[in-house]
Structures are given as structure tokens and as C-alpha cells.
Amino acid sequence: MNIPDVWLLTLIIFVPSLFALLVLLIPRGQEEWMRWTALFGTLLTLVLTLFLLIDYLNLQDHYGTAHRDRALLGARADEDLLLAATHQPARSDDLIVRIPWIERFHIEYFLGVDGISMSLVLLTSVVSFLAMIASWNIERYVKGYCVLFLILETGMLGTFLALDLFLFYIFWEVMLLPMYFLIGIWGGPRREYAAIKFFLYTLLGSVLILLAILGFYFTDLRPLAEYFKTHPQAQQEAQVLDRLVQRARGAAVNTFDILLLHKVGRESARLEALYQEAKSSAEKTPSVENQKKLEEVSALRQKYQLFSRDFQVIMFILLFIGFAIKVPVFPFHTWLPDAHVEAPTPISMILAGILLKMGGYGLLRIAYPICPWAAYELAWWLGLFGVINIVYGAFAAMAQSDFKKLVAYSSISHMGYVVLGIAVWTGLDRFQYWSWGMNGAMYQMLAHGITSAGMFFLVGVIYDRVHHRDLNALGGLNNSMPLYSGLSAVIFFGAMGLPGLCGFVGEFFTVLGTWNFDRVYAFLAAMTVVVTAGYILWTIQRVYLGNNPRYEGLPEIDARELTVAIPLVVLTVVLGVWPPLVLEWMEPSVTGLVRQLAAAVAIP
Amino acid sequence: MHDLIADPGLLYVTATVLPLVSFVLLFVGGRRWGRWGAYLACAAIIGSFVLSVVGFGIYVQTAPHHEHSQTAAASQGAGHAHAGAHSPATETTRGIQPPWSGSIYWAVVHYLGESEPAAALRLGYYVDGLTVAMFLMITLVASSIHIYSLGYMAEEQEEWVEDHQAHVRRRGRFTRFFMYLSLFCFSMLNLVLADNLFQIFISWELVGICSYLLIGYYYERRSAANAANKAFITNRVGDAGFIVGLLILWTYVGDFNVQHVFDTVRSPAVDSHGEPMPQGRQFVRVTAEVDSDGHRYYRADDQGDQVLLFRGHVHAPEKVQDTWHYEADMPTMPYWLLVVAGIGLFLGCVGKSAQFPLHVWLPDAMEGPTPVSALIHAATMVAAGVYLVGRVFPVFVPDVLLLIAYTGGLTLFVAATIAIVQTDIKRVLAYSTVSQLGYMMLALGVGGWVAGLFHLLTHAFFKALLFLCSGSVIYGCHHEQDMLRMGGLYARMKITAWTMLVGVLAIAGTPLFSGWYSKDAILVQALSFVSLNPRHFLLFLLPLLTAGITAFYMFRLWLLTFAGEPRDRHVFEHAHESPWVMTGPLVLLAFFSVVVAWGPNPFDVQGSWLEHFLHQGQPATLDHEKGYELAVVASQAATRERGGNYLARDSWLYPLFEKAALGPHDLAGALGLLVAAIGTLLALGVYYWRVLDAEEARRQFARVHAFLMEKWYFDALYSVAVVRPAGVVARACRWFDLYVIDGIVDNAARATVRLSQWDGRFDLGIVDGLVNLTADIVYAVGRSLRAVQTGLLRNYILFLAVAAVGLFALLSYLMALAG
Amino acid sequence: MTIAVEHYLLVGAVLFVAGVVCMAIKRNAIGVLMGVELVLNAANINFVAFARYNPLFVLEGQVMALFTIVLAAAEAAIALAIVLNFYNNHLTVDVDAAEDLKG
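Protein chains in written order, with my numbering: chain B, 1 to 604; chain P, 1 to 819; chain R, 1 to 103.
There could be a bad hint or two in this list.
As the list claims (entries may be wrong) - No farther apart than 20 Å at their CA atoms in a straight line, the calculated lysine to any residue pairs in the SDA-like style are these:
{"id": "1", "chain 1": "R", "residue 1": "K102", "chain 2": "P", "residue 2": "G791"}
{"id": "2", "chain 1": "R", "residue 1": "K102", "chain 2": "P", "residue 2": "G760"}
{"id": "3", "chain 1": "R", "residue 1": "K26", "chain 2": "R", "residue 2": "L40"}
{"id": "4", "chain 1": "R", "residue 1": "K102", "chain 2": "P", "residue 2": "Y779"}
{"id": "5", "chain 1": "B", "residue 1": "K229", "chain 2": "B", "residue 2": "T86"}
{"id": "6", "chain 1": "R", "residue 1": "K26", "chain 2": "P", "residue 2": "T790"}
To be verified - What follows is a list of derived Cβ distance ranges for each label pair:
{"id": "7", "chain 1": "P", "residue 1": "D746", "chain 2": "B", "residue 2": "V207", "range": "35 to 45 Å"}
{"id": "8", "chain 1": "B", "residue 1": "I321", "chain 2": "P", "residue 2": "A749", "range": "11 to 21 Å"}
{"id": "9", "chain 1": "P", "residue 1": "G312", "chain 2": "B", "residue 2": "W578", "range": "30 to 40 Å"}
No wet-lab data here; the hints were simulated from the structure. Model, not experiment: these values are computed from the prediction. Here a beta-carbon is modelled for each residue, glycine too, at the ideal position from N, C-alpha and C.
Chain B on its own, in the form it takes in the complex (with noise of 0.2 Å):
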């Protein structure tokens, strides 16, 4: 596509929300015109996201495999401000984008797509195109759901795109509040509840991001310039940062830039990991000769490194609640099962499809790169939240009576994976079990949007025609809708993590990763797959199988569920047989980060 990259990112971004406009000028009464606009949007993001894909493809195969740091964002940018350095245009086809927004806060406007967002980005806009078709039956003040849906998904796109902390905390919260309303006036009986429980904790976490932002924003980045210039392999990078020391005339020297805050953080990392292993081998064996080292090391720490290892954690600590709370990881997860049974079908859809994976995208995004010592000394605690959320989450779906709530702990325990396949850093001789941990987080994060949105709407799609949601009560679908009951199959057992369905794929890597990381973490991981079984079989029993004769004259499902559910349960078959469909584009930039972190703390 011969879009100029700045253009098609922006109206990514920007297209439901101008869709979002146009609903508003259609005049009462009009509510299947505000339907189909509302639907037109979606799909038009879908469209261009899909010229994005294309985009990315291209930019892959034009690099070439020689040079696979092109999958890595901040090859790319620095690559483009050496271009500005000498007065040239950036290149409009690296989907890079930078713009100077806010210049008295050194603000941007700094967008960019890698392997890890790209994923994300194609599963919002699908996942949001379905949710829009699944909205038809919403009858009450649909101007208003509509536009709220749209800004929704504005803002969801935004924070996978924004490469400028800033830029990534506005669209943050814009995604908060319509998903406040959705659930809180189309909701459930409960919804008030939910919604302001979903609110509250919600707003809890960006409260802590937005100190961690500041945090980092706060710290003068002109000693960083210096330890480059001292550095005869980082030309680049002291070349990109002298820029901005010039461009700052003698200031301090303050970044929202998430890219510029991955090199502080790596650069910190490597110091802090100098350090420790200069400290060791002295207290090991006092020789003068370690101790001059260690007095060596110690000063150049003092002086370089501006995330220290107290700061590091504090700062990650803060961030990984603010974004444990999105994923969610206990036990900051009891919003998720109230707002999932209240919110309304299609919003439990992009609830659990897309909304979860924003808590795993902040911690691959701002998280682990910024913070990278205080990850891999926290590690072992974050691989504990994420085996502890595996099994709670199976144990407690399984007791659940509401099938929303159950399918609503399910997801809890799938992002469990999440969690843990992230948290599984092993050193740098051994981190291909750390890169299939990652790559299984990512990979469980699109396999998990998908089967999660399937069931939510599976389970909408029963609500519409019994109007309740018990699963004692339920039974004998399979007889009375066949067609439905194969289909809610299919996704069920991709969710189970049967092998050849998309789940399966992101679990067994995670696994893979994590033996090698803690061998109780992965049996406990392993043994869980008992469980999972156990809940998903129960509850396929209790709902498609038996007989139960009040349900025989239920109505098949009709051509506009099914235009929901085939998408679903098409992607759900072919990402379980086929994973490098995926993995093709998404693994370079995911290993590429993890061979990244995994090199900042080792020891040269």
C-alpha cells in the first residue's frame, strides 16, 4: 500500500472515532442507520489494519532475515532521527511515526507497529467487528452505545499504537471511561456495581502507571548521552541522544519517549548487572585487584545509571499492579467475573477479547523493557502470580453456576499462562525457553481473544433465547441446536487447549519455557491442564449434552450469530493448526525483545 505510514496509523486510530461523529448526526429514530455507520467503522478499520499487516509484511521481507533488528521498534526509530539529525525526511514507510505534539513537555505524537502491537492491533479490529455485528440486538439509546463503542475502540487502538508514554496514558484512559457507560447502562441487573467496581479498580492501576510515568519523565537523561559517548559500539545511540541534549540547550533532558526509556532501562540493567557480579566475585575472593574492579564498576554506576535498582523496582512494582489489575492477575481480578456477568454480550467480548491483553502488552511494552533488572529479579514472585491465577482461576471456574462467570474464571486461569510465559526469564545461554515463554504469552494472548470472545458470545447467543444464564438449569442443546453446539465445541475445546485449536499452542510453549525456568511452576502448569478439562467437559455436559425437554423448540442459530461464531471458530482451527501463520511475523520482534532484556542483565 502506498499509504505514508503517518496516514494510515492515524486513521487506524482516528476512523471510529470520526465514525463515532457521524453516528451523532444521525437523528433519532434512525437506529439501524446508526447500526450499519457504527458497523461501516469497524470494518473500515479492519480494512486498513489489514493494509497494515501488508505494510508490516513488506517492511519484513524488504529488510530481509539479515537484518531481523528491523523487527524491533527501536532499530527503526533511531534510524529515523539519525535521518532528522542530518535534516532528511523520515522514511514514510518504516511505520514510524513521530511528531512533535506538546514541545514545551517534549510530548509527541509517536506511533509505531512491531510484531508484538501488529498482533494486537489485527486482534482488536477483528474482535471489534464481530463485537459490532454481535451489538444488533442492543435496543436501548443506540446512538449512544454506538458512539461509546467507537471512541472504545479509538482508544484500544491507540494504546497498542502509542510509542509515547503520554500519548499511551490518554488513550489508556479513554478507553476506560465509554467502557464505564457500556457496562454500567446497557449492563445486567448488577450493572452498577460492576461498573463502578470495574471503574474503581481500573482506575487504581492507571493511577499507579500515571506515578510510574512521571517517575520516568522526571529523570534527566544528559548523563545517559555522556555513558554513550564513552561506549565506542553505541555511536548510534549517543548519536540520537546528543540531539536531544542539543536540542534541550543545557536543560534537563526529559522523555515521555517509551523507545528512549527502553535504552535508559537496558543501559541501568547492565550497570546494575556489572555491579552485582563485581560485588560477588569480590566478597568471593578479596583480592585487590577484585576490589579495585568493584570500586571501578561502583563509580561508574554512581554516575550512569539513572534507573538505580531501588528505583527499578519500585517503579516496576507500580506499573505491574497498574497493569496485573488489566489482565488480571490475583488477586486483583474480582472485577472480572461481575463486570463480564453484567456487561452486555458484545462488551464482554471485547472485554475479555481485547482488554485483558492490554494488562500483557504493558508489561511486554513499558514494563520488562524499562524496568529489566527490577523483571528479572522479580521474576520468580511474577511466575508465582501467574501459576497461582492458572489454578485458582480452573479451581474456581469449576464451581461456578453461572456460565458467564465460569467462562469469565476461565479467563482468568488462560491468562495465568499469560503471566507466567512472560515472567520465565532464564539466563542468556538459555533463553530460547525464555523466548518460547514469551512467544506462548503472546501467542496465549491471541488465542485467548479469540476463544474468550467466542464463548462470551456463545453464551450471549443461549442468553437471548432462555434468558438466563444457569448451567444446572441448561441442557440438551445439542438436540434442540446442532449447528450451534458444534460450533460452541470447537471453541470450547480450542479454549480447553485441545491440540490443532489455538490454545493448545500458546499453553504448550509456555510450558515449554517455564520448565526450564522452575520445574514446579511448569508441573503445576501441566497438572492444571487435569482441571481445565474438568471444568470445560463438565460444563459442555451440563449445556449441550443430556436431554432436557424445555429447551427442544429453541430457535438454531440464525445467519447473524453466525457471522460472528464462523469467524471465531475459522481463526480458532486455523491458528491451532497452522501457528506460523503468526509466528512468521509476530516471533522476530517478540525474540528480538526477549534476546534484548536477556543480554542487558547477563554478564559480559
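Guided by the hints, dock chains P and R onto chain B, whose structure is given.
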């Protein structure tokens, strides 16, 4: 087609994919295919069978002679494909000579480069003698069962079907049955075809889900749905162990390819320079040591806590004072983890092959349609566990093999005892299947690789036959499964009765029937093992005893069903022989149940062609086992070399041999036949001649009978020990969420509200109070000053004047003070 | 004895006091107005006296006196108008009857 001949492995890939194609077409087409869908599925599996036969032909022609294959395999072991060190010998095995293999990437961490260990997951095929034999068996049995199902499931073709057990009228699901069967055939063939454990695991789960779907085929029946769940969940317990095994191997080998795994955990026969390795083909347990020069090395040690891994360049060890010293830079893995890996993989097999203690699902699985029981729960899927043990045999260390042997021994005995008291015709067969699978496991565990897999193949035929016969009986008796209501059916269904008798004779180990050859092989293997390790005498005693029990309960089954007087007139009068589409496969399978194990001379129990064929494919490592307490004489070939004279003189069995002047082979065979004959006579005595009264025996042994009827209380035990605790934990989690976490959250919210109330009160009382107080004071002052404001002009002027005077006076006073 | 500024001031003071007393004790509004005139004129005497005796205030004193005279005239006009109005409403010119502003 040319490609298929050039690389016969692709022939097998095609054979595997055919049922998948059929599945996809049926899935997409759904009911619209009608009975043509069933024909499509049959055509697909028959196509696979034809391809398997062609492949077998090519294999027989091109496979090198036994001795050659060993050396070829040996030298292939030295070249590690993933280490990039292809030895010339490996090259020669390429092309048309088996084993044929190939693979593609499924998932790769590209960034690392593909040569790194643990960087890729692959899908591939590996065809050797075992694969060839398994393909033939699976496709043949599956084809006959597909055809049989055309008859057995015929009523499903109706638009509406009455399910008498669940009391519902439902739509017929003819195509769906064949769709599931197709998926199963694909998964099962893929499992056998796979060249790596990962792919095996995928297929493993897929056959599991097919089994789930087919057990739950009559899902309106609560018992069927429960049985399906039980089967899948029990299997998942095993699968969790399987995953752990996979993880350990993945970590230390960096690859799932079965051959790479063997090559890595066991010493190659020769090192990278062609020097012979002293412990070639064995696990090398070592201890890390440091000599006086500070030189580190690994000392070979049978009790060492590490196992050497052979990756990349390998040097032969040095000999120092009777022990071998390996270089210190070789990778190792802890021995206990290798044990755990073996147990983990075996646990997967325990689940799939319904071994003790996970055997409980198989009898319940009989809720599925009978052809399913025949195909999945007798001939193929449940045998997958045995197949896998055989496939990864070289990974199992002796400790694990002993565990396998005891598991098999226990299983075969427990299941056989339960089978004695069952009255449901299919349940008897189910327990018999469990028991026979135990035989196979036991054989593998005592080192009888050939014996175990031999029995797998023969058992597949006669057990499929037995199930199909029972299906024919059930079909003929209008879904009556209780043997106590049958009897005398021989008069009504002669073909079924005769073919079933063939099956019964085969499973009882009657000479000239296929079961004779394989069971004999197992007993011989067990006896030779026990003679070397007398402590483990149970491993021979249990299978021997059970051979008698097997004969007893199988004849009991046949006699109760077909012989004697009809016990239920109603059933008897409506009984009829099944149509040819069902009896045809019976005859075919009966034929194979007899001849499949024949050799040039059928009276030579050791002369089976099939056994010989399997023997060519057995892992090369088996011939090199030595130096362990559990060392076993692995094959009959080896037996013959030693002239049958390998019995240790200090063995407690030795006098017996001496007195009888028998080789152990003859002894085991003779004992087996004797015991089986006793079992048969007992059954005839009780159920035919009626010289013994079954009722009397039941009363005499009421306790034992109850114990067996309750299936040794396994289900009750699991209910108490596993299922209920899981429910309790689940409810505890929900409770924790609802009351603890949400309690904290809600209470925090409530506390916030209360705080804000206090805050409101503070605002009202203190902050506002201060403001109000100020106002009040001002007001009071104003009120008191109000009196001054008389409104009278003259008063004001007076005040003015007085004020002026006062001011003046004050000013003057001040000025006076100031001077 | 020379006439000095003190004497003028004394006259002014007497006049002032007389005016104030007049305002304070007269109940007739016209009387009160007359008292006001007295007070104003007392101030005038002071202005003029200072203009005569203080060279700095020659012009200012006289101008101020003229201002006061004009002011007095204007005041008288307005005050008489108020009184007339008051009379129209209350039929009396007794200032004690005007107590609407009582607090």
C-alpha cells in the same frame, strides 16, 4: 505417484491424510452427505489400507537384511542430524531404504538461528518396521469396522431415532459417526507415523478427544456423557505426566525427535572418529570427579548420579584402572530426572492404555457404540500406550522398566479378576482388554519388546473380532447386553457364534490361534526375566495365573451367551443373525485372528513371520543391554544363541528346569497351556456341564464376589480421594473470591464510604462550625450594636459630636504625650 | 491686643458648637437645616481665617470657602426638597418621626 515410490514415506503420509480429508468433507458437508458420507469415510480408510499394503510391499523389498539394518542403525546413531555431523553411513540409509523419514517446521524461534537446540518444533514422519506393521493392522481393522458400522449403525440413517435408554426421540446421526471415525483414524495413523514426541502428543490428545466424542455418542444418556468425561479427564491425568516427560527430554536433548532423543541419552556405538565406545548403546551413568592434578573428568559408575548426554563431537573414554573416564566438558543430566521423564511418559501410556491405577475409564467407555469399542477401546487407541512404550523404549532406564512390568502385572491380574464376575457382555470384554494390555506392558517391562508389540498386533485382531461379535449379539438381541438374559443363542446366530469362538480360542492362547504365539512369547520373556531376577517372581506368576483366569472368563462369556438353554424367552425369540455387511467383517477378522501369527510351520510356536518381522525392527539398543541388575535377555534370537541355557544356576527355578529337562521356552509354554486348559475346563464344568454350581460358589465367597463386583473399590476410592476433594477445592476458591477478596474489596469500599461520612461530619461540624462561629460572633456584635442605630437623626448627631470630641481629646492627649 | 487667628477660630468653634447643638436638639427639620448652615459657616470662618494668616493657603482657603458656600446652597435646596417630601408623606416636619432606618 512417482514421488510416492521414490520416497515411500510420503505414501504413509498420504495414507494418514486421507481420513483427514474425509473428516473435513464430512464436517463441512454435515448431514447433506447422507449415507454417501459413510461411503466416503469407508473409501478413505480402505484407500489408506491399500496404500499401507503397497508401503509394506516396498518395505519388505527394500529393507536390508536384519544384520545390515542393525549396523546401519548403529552407524546412523553415531551421526547426530541436529549436530550436523552426518556420517557416511547415514547417507546410505537415505533414499528408498527404510527407515524413511522427513519433517517440516511447525514453530521456530527464528531469531536464534535454526541450529540452536530447543529452537524449533517439527512435524514429521518416520517409517520403520514397527510403523509398517502398525499401519497394516490399524487400517485393516479400521476398514472392517467401518464396513461393519454401515450395518450396525444403520438405524441412525432414519430421520428420527428412538433412544430407548434415554427415552428420547432424536435425529439420526449417521454421518456424524463416520465423521468422528475418520478423525480418529487420522489421529491414530498420525500417532504411529510421527517421528517426534511432540507430534505424538498432539495425536495423543486428538485420539483422546475422538474417544470422548464417540463414548459420548449417545449423549442423551447421562451415563454416556459421564463416561466420556471420565475417559477424557482420566486420560488427561496421564497426559500431564506425559507433558512433564516431554519437558525433561526437551530440556536436555533440545529436540523431540525420537531418534535424536535415543542418540543423545545413550552412548553411540562408535565415537566421532570411528573408535568403538565401550558402553555403546547404553546409558552411561557417571560421577563427576577430580584427580590429584586438579583434572576434572566423569567416571563411569553404575550408581552415578549423572547420565552423560552425547551431543555433537564425541570422544571415546579413556580406561583408567578398570573404569572409564569421560571428558569433563560433556553435557550431563541428573539420573533422577531421566527416571522422572520415563515415568512421565509411561504415565501417559498408563492413562491411554488403561493401566492400573488409571484403568477405571475403559469399562465405562463401553457406553459408546460397539464398533467404537472395537476400534478405539480394544484394537487401536488403547494400544497406543503400549505402542508408545515400545516406540520410546530406549529412553526407559531399568528402574522405570521394572515399574512398567509391575504396573502391567498388577493390571492384568486385577482386571482379569473383575472380568470373572461381570455380566454385561461388553464389560467382560473391556476388562479383558485391560488385562491383555497389562500383558503387553509386562512384556515390555521385562524387556520383551518384540513379545509386547507382537501381542499388541494379534490382540488387535482377536479383540476387535470379539467386540464386533458382541456387537452382533447385541444387535441381534435388540440392544440387550446382559448375558444373564441370553443363552442358547447359537441356534439363532451361527456365524456370530463360530467367529466368536475363534476369538475366544485365540485370546485363551489355544495352539494354532494367533494368541498362542504372542502369549507364549510373553510368558517366555517373563520367565527368563524372573529366572535372572528371582526376587521378581510375581512377574511370571501373575501372567501365568491370569492365563487361566482369562480362559475361564472368556469361555464363561461364550457359554453364557451361546450355549445352554435360553434364559430369557423374549430375547431369544426376537434374536436374529446380523446382515452380511456385519458378518463379513467378522469372518475376515476371524481369519486374521487365526493366521496373522503363522509362520512357515504353524506348529512352531517360535516361528511366526510376524514376530520375525517385528524382531527386525526392534531398537538396536536392546541387544546391548548389560551391566545392570535388571539386564534382560531381550530377544528370542539371543535366546537361541545361548542355546536356551541362560538360566542362572543359583536361581530357585533351576532345579525345576533340570528335573523337567526342558528349556525355559518349553517350560513357559507348557505351563501356560496347562493353566489355560484348567481355566477352560473349569468354565466348561461350571457353565456347560454344570458339575459345579456358580451360585453356590458365589455364596461361598460372598465377600470376594462383592469385592470384585465393586471393581476393587477403585471408583469409590477415586470419588473420595480425588473427585470430591477437587470439588471442595473449587468451592473453596469460589468462596475465597466471594467472601475474602470481594469481602476485602467491598469492605474497602464500605470503609471508604464510612470515611467519607466521617469526613462529611468533620466538614459540617468543624470546618463549617468555624465559619459559622465567625458569622455568629459578627452577628452577635451587630445585634448588640443594633441599639445604637436608633434611626433618630438627633441621636446620630449627638454621637457624631461626642465622637468628634472624644477623638479630639484623644488626639490632644497623644500629641501632648508626644510632646 | 491684636486680633490673631485664635480669635477667629474661637468664633468658628462657638458657631460650630452652636450649630451642632442646634442640630441635636431641634426636632423641627428646618431647625436642623439651620444648624447645618451654622456648622458649614463655622468651617467657612476657619477657611478664611487660615487664608488670611497662612501664606501657603491664601488662594486655597478662599476657594474652599466659596466651594462650601455653593455646597451649602445646593445642600439647602436638596434638603428642603427632602423635607417637603417628608412633609407630604408624614404631614409633619418632626425629625423624630423619621425612624424607618432604625436597626
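Hints versus structure:
no.	hint	in the structure
1	R:K102 with P:G791	holds (4 Å)
2	R:K102 with P:G760	violated (41 Å)
3	R:K26 with R:L40	holds (17 Å)
4	R:K102 with P:Y779	holds (17 Å)
5	B:K229 with B:T86	holds (19 Å)
6	R:K26 with P:T790	holds (17 Å)
7	P:D746 with B:V207: 35 to 45 Å	violated (20 Å)
8	B:I321 with P:A749: 11 to 21 Å	holds (18 Å)
9	P:G312 with B:W578: 30 to 40 Å	holds (32 Å)
The structure fails hints 2 and 7 (numbered hints given earlier, in ascending order).
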